[in-house]
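S.K.: Produce the complete structure using the sequences and hints provided.
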Amino acid sequence: LKSDASRVTDLVKLAEAGDATWIDEAFLWCFARYPSDRERQQTLEVYGETPEAERRQAVEDLLWALMSSREFLFNH
Numbered sequence: 001l002k003s004d005a006s007r008v009t010d011l012v013k014l015a016e017a018g019d020a021t022w023i024d025e026a027f028l029w030c031f032a033r034y035p036s037d038r039e040r041q042q043t044l045e046v047y048g049e050t051p052e053a054e055r056r057q058a059v060e061d062l063l064w065a066l067m068s069s070r071e072f073l074f075n076h
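With the first letter of the sequence shown counted as 1, position 74 gets the number 74 in the working numbering; the numbers rise by one all the way through.
Rather than coming from a laboratory, the hints here were simulated on the basis of the structure.
Everything numeric in this text was worked out from a predicted model, so none of it was measured.
Ideal Cβ placement from N, Cα and C applies to all residues, glycine included.
Treat the hints with caution; some may be incorrect.
What the hints assert, rightly or not - Listed next, with one range per pair, are the computed distances between beta-carbon atoms:
hint : residue 1 : residue 2 : range
1    : 75        : 51        : 28 to 34 Å
2    : 73        : 52        : 30 to 36 Å
3    : 75        : 52        : 31 to 37 Å
M.R.: In structure tokens, the structure reads:
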């Protein structure tokens with residue numbers, strides 16, 4: 001996740017550009033589905049409250065959370 005060539009870097013670029021599709025991409029990669037409106041809104045709120053210097057870490061944390069979820073474990 002830390003590599004500059006990782007998918008996280010792609011998500012961070014989308015997020016920094018104000019493109020909320022990064023959330024869709026994260027959910028599609030992990031769950032093969034789009035996030036619900038509630039999941040998207042919660043993610044946007046947390047990301048928006050995160051200091052700019054910590055936003056890459058926030059994206060990494062989201063991916064770890066998704067990959068540690070029951071939904072991911074039972075689908076993969």
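S.K.: Each hint should be assessed against the structure and marked as holding or not.
M.R.: Evaluated hints:
1. 75 - 51: 28 to 34 Å: holds (33 Å)
2. 73 - 52: 30 to 36 Å: The hinted range 30 to 36 Å holds for residue 73 and residue 52, with Cβ atoms some 32 Å apart.
3. 75 - 52: 31 to 37 Å: Check passed, 33 Å falls within 31 to 37 Å.
In this structure, none of the earlier numbered hints is contradicted; all agree with it.
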